[in-house]
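Participant: At the far end of the sequence shown sits residue 270, using this note's numbering, and the numbering has no gaps.
I should point out that these hints are in silico values taken from the structure, not numbers from a laboratory. Using N, Cα and C, we set each Cβ at its ideal position, and we do this for glycine too. Misleading hints may appear alongside valid ones.
Claimed, not checked - Pairwise CB distance ranges (calculated):
| hint | residue 1 | residue 2 | range |
| --- | --- | --- | --- |
| 1 | Arg-180 | Pro-260 | 31 to 39 Å |
| 2 | Gly-223 | Arg-185 | 19 to 27 Å |
| 3 | Arg-180 | Ser-155 | 40 to 48 Å |
| 4 | Thr-151 | Met-183 | 33 to 41 Å |
| 5 | Gly-223 | Glu-184 | 32 to 40 Å |
| 6 | Met-183 | Gly-223 | 13 to 21 Å |
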Amino acid sequence: MGRGRRLLVPVDGSDHSRQALIVAATEFDSAEIIVLHVLDPFTVASVSEEAVWDREFMERREGEAEELLDEYEAIAAEQDISVETEIAHGSPSRAILGAVDDFDIDHVVIGSRGRTGAGRVVLGSVAETVAKRAPVSVTIVRPDA
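The whole structure should be built from the sequences, with the hints applied where relevant.
Facilitator: As structure tokens, this is what we get:
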């Protein structure tokens, strides 16, 4: 990958997204990497419908997101790279696709839980949606079998 390229690595705190960052750092070593965490209002709503409207609750969620991104910065430092971190709000796949445009991304590296069967049909796959709709190349990092 040439100089000046920009990678987006969406993260959610899972081992799969941690592995995606490591793959991005090792396979695309000359790229600028943006690590993105999406705060999904539907996930928040499932915790407590009242909490969605509670400012203090949302500030706490933002703080948790910042702590999570600090962990990813530490993982990047272990790989001898630095990353830019961003927080987005909304549907994960939509926010990731929006970030591709907003940050002039050339490539997305995203972890996948590797769901199959009914779980994938019912829950869908953020990685699959991003891969289908992204205007750039997408590398999906799947769990080790």
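Participant: State for each hint whether it applies.
Facilitator: Now the hints, each set against the structure:
| no. | hint | verdict |
| --- | --- | --- |
| 1 | Arg-180 <-> Pro-260: 31 to 39 Å | holds, 35 Å |
| 2 | Gly-223 <-> Arg-185: 19 to 27 Å | holds, 24 Å |
| 3 | Arg-180 <-> Ser-155: 40 to 48 Å | holds, 42 Å |
| 4 | Thr-151 <-> Met-183: 33 to 41 Å | holds, 35 Å |
| 5 | Gly-223 <-> Glu-184: 32 to 40 Å | violated, 23 Å |
| 6 | Met-183 <-> Gly-223: 13 to 21 Å | holds, 19 Å |
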